[in-house]
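Student: So the chains spell out like this:
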Amino acid sequence: MAQPETVDHPRSADPKELAKFEAMAAEWWDPEGKFKPLHMLNPCRLDYITRQIAAEFGRSRDDALPFAGLRLLDIGCGGGLLSEPMARLGAEVVGADAAEGNIPVAALHARQSGLEIDYRHTTAEALAEAGEQFDVVLNMEVVEHVPDPAEFLATCARLVRPGGIMICSTINRTPRSFAAAIVGAEWVMRWLPKGTHDWRKFITPDELRTMIEVAGLRFLDRKGFVFNPLSWRWSISDRDLGVNYVTTSRRPGAAAGATAPLSARG
Amino acid sequence: MNTVDTDIFVSGGGVAGLAAAAAFGSLGFRVVCADPAPPVTDEAAAGADLRTTAFLQPSVPVLEAAGIWPRLAPHAAPLGVMRIVDTGTDGMTPPVAHDFEASEISDQPFGWNLPNWLLRREMLARLDELDTVSFRPGVAATDLLNRSEEALVTLSDGTRIRARLVVAADGRESPMRAAAGIGARTIRYGQKALAFAVTHPIPHNGVSTEIHRSGGPFTLVPLPDRDGRPASGVVWMERGPEVLRLAALPEAAFEDEMTRRSAHLFGPLRLATRRSVWPIISRLADRFAADRVALVAEAAHVVPPIGAQGLNMSLADIGTLAGLVSENRGDPGARPLLERYHRRRWPEVAARVAGIDALNRASMAGAPVLGRLRARGVGVLHGIRPIRRTLMHAGLGAGRTLSRAAR
Numbered sequence: 268m269a270q271p272e273t274v275d276h277p278r279s280a281d282p283k284e285l286a287k288f289e290a291m292a293a294e295w296w297d298p299e300g301k302f303k304p305l306h307m308l309n310p311c312r313l314d315y316i317t318r319q320i321a322a323e324f325g326r327s328r329d330d331a332l333p334f335a336g337l338r339l340l341d342i343g344c345g346g347g348l349l350s351e352p353m354a355r356l357g358a359e360v361v362g363a364d365a366a367e368g369n370i371p372v373a374a375l376h377a378r379q380s381g382l383e384i385d386y387r388h389t390t391a392e393a394l395a396e397a398g399e400q401f402d403v404v405l406n407m408e409v410v411e412h413v414p415d416p417a418e419f420l421a422t423c424a425r426l427v428r429p430g431g432i433m434i435c436s437t438i439n440r441t442p443r444s445f446a447a448a449i450v451g452a453e454w455v456m457r458w459l460p461k462g463t464h465d466w467r468k469f470i471t472p473d474e475l476r477t478m479i480e481v482a483g484l485r486f487l488d489r490k491g492f493v494f495n496p497l498s499w500r501w502s503i504s505d506r507d508l509g510v511n512y513v514t515t516s517r518r519p520g521a522a523a524g525a526t527a528p529l530s531a532r533g
Numbered sequence: 022m023n024t025v026d027t028d029i030f031v032s033g034g035g036v037a038g039l040a041a042a043a044a045f046g047s048l049g050f051r052v053v054c055a056d057p058a059p060p061v062t063d064e065a066a067a068g069a070d071l072r073t074t075a076f077l078q079p080s081v082p083v084l085e086a087a088g089i090w091p092r093l094a095p096h097a098a099p100l101g102v103m104r105i106v107d108t109g110t111d112g113m114t115p116p117v118a119h120d121f122e123a124s125e126i127s128d129q130p131f132g133w134n135l136p137n138w139l140l141r142r143e144m145l146a147r148l149d150e151l152d153t154v155s156f157r158p159g160v161a162a163t164d165l166l167n168r169s170e171e172a173l174v175t176l177s178d179g180t181r182i183r184a185r186l187v188v189a190a191d192g193r194e195s196p197m198r199a200a201a202g203i204g205a206r207t208i209r210y211g212q213k214a215l216a217f218a219v220t221h222p223i224p225h226n227g228v229s230t231e232i233h234r235s236g237g238p239f240t241l242v243p244l245p246d247r248d249g250r251p252a253s254g255v256v257w258m259e260r261g262p263e264v265l266r267l268a269a270l271p272e273a274a275f276e277d278e279m280t281r282r283s284a285h286l287f288g289p290l291r292l293a294t295r296r297s298v299w300p301i302i303s304r305l306a307d308r309f310a311a312d313r314v315a316l317v318a319e320a321a322h323v324v325p326p327i328g329a330q331g332l333n334m335s336l337a338d339i340g341t342l343a344g345l346v347s348e349n350r351g352d353p354g355a356r357p358l359l360e361r362y363h364r365r366r367w368p369e370v371a372a373r374v375a376g377i378d379a380l381n382r383a384s385m386a387g388a389p390v391l392g393r394l395r396a397r398g399v400g401v402l403h404g405i406r407p408i409r410r411t412l413m414h415a416g417l418g419a420g421r422t423l424s425r426a427a428r
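Chains as they are written, first to last, in our numbering: chain H, 268 to 533; chain V, 22 to 428.
Isolated chain H (complex conformation):
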């Protein structure tokens, strides 16, 4: 495995964090491998993401290419577990990862799948500097790995086009999340190598909401991703945000569709 090269923008790319993911890159697409928790969570994440995008932009999920014409950034794309389904739904996808080793893995897999995805070894800061903007920014399971979440989220907010949305998921800082994400996933089940997560870096929903609002986005939604150890499945909950949770926010400005005032009589 290649050593991580020196990255220009160390703020969202802590070298130690990068090294951890480089070591795991080849295992991205093994559903029984080290990313088993992400593979198990993926249907639930995708359901949430596609519902939010479809409702926000007035698309029907029954169409063949419902997200055609939407420009989407998958920040921290890893092996492309989200970029590929988004491309299949018609979105124009840029997959960005600060860990260089992930990019060839993701690009190779996309080629094998016959998908055109613009994978880049870059950072959120670099994309924002270049003035790139997107209808949708996916920011999934990244914010708990960056050194300065508030600054990182402010950068991500700049990547959202006015009227566009950011979907951001992470892990709550609760006793239950320590038990589930550290003790359960790393120590007992060994789904993730020890040290993948640092519980102290976890963020509560209220903290995340404040950071998102300070970044200039309008907070729209928060839901929990809940793992049921009996059915061995994940589901979406509007009340249990105790461990994994997800949020949606919008950048104010020109909406995708014209907003008409409510007329007194329909």
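What the hints contain is simulated information worked out from the structure, not anything from laboratory work.
All residues carry an ideal CB built from backbone N, CA and C; glycine is no exception.
Treat the hints with caution; some may be incorrect.
Listed below are several chain V residues computed to face chain H (Cβ distance under 8 Å; list not exhaustive) [claimed, not checked]:
#	residue
1	M22
2	S169
3	E171
4	L173
5	R206
6	A311
Add chain V to chain H, keeping to what the hints say.
Tutor: Coordinates of chain V only, in the frame set by chain H:
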């Protein structure tokens, strides 16, 4: 895409949906109300809802606050007496009747009875007066995304509604309930109900009569006179195949059967409308609220038509929600408000559903209903006022549940 911002979106334009739209609109909130079917406001039309509704006393203030009651009062038939009749299953035992009189507990009648099609007509007229309400008949809500801070509803005409609260009044199969991910438990009885209106030579004198026999109750509720003859709305519950047989009978044969079933209490009954058939179930939603969504009426609860409970529970839902919303005008769909709505309504409704379920099972099985009430601790029911009051208050929804009163 055309997006409409509003405070409250009411899904469903039945009696409950229209009442909810009028209630919130009267509080000054901007309301959009949509229903896939245009409301039928003419009794003779094919889709007319021929059922009648008895508004019990606690429902009247809710309708008054919504500005609807003044329009209904002139058409309403007062219910002064509730009569419960047990007929023997063998047809030999003489019927046993017990009267519950409203005057024992109040100077007002138990309630007022109105045909549902007329309710719709008057409620629509009220909505027309309200600048705050936009009513969209013939438009379905096809999709709901209930975020924690807003709800996005897609309508079949392509409009998108962005609302702070969605009130699901879209019926027992509630698509909004399903979209919000709320489950519901259902009890099926294998029963159906026939609903129609009759005229009869013997006046009802404002008495609502429930005649119990195996298969289910036969209930007559007073209506204003028709063509100079006393008239009643009838709900006749029987096992499913029996209802289908009755619905298909020629009119004269049907009249013979229903006169016999009514124990001849009002003389020969004459059919005055079409017969419509309704399935009988009990259903209770697991929760009455989710992010930005409140369930009311049959979206939240369905009960067999016994004791005039269904729509009165619905109006209590709307009254409770309107009260909470008026105390929190800044955000009518805030999470703490919806939590309170669920906590206030769900236990109360669950107890009523259990009580009505027990009464319906007793009635279906042919167990004498009054006997069952006695067996459940109302043994000295007849003639002892405090206990009778408890039972009557329970029927009125005045704070006690049927199941508790009957225990």
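Student: If a hint holds in the structure, say so; if it doesn't, say that too.
Tutor: Right, here's what the structure says about each hint:
no. : hint : verdict
1   : M22  : 3 Å, holds
2   : S169 : 5 Å, holds
3   : E171 : 6 Å, holds
4   : L173 : 5 Å, holds
5   : R206 : 19 Å, violated
6   : A311 : 5 Å, holds
Taken one by one, the earlier hints fail for this structure only at number 5.
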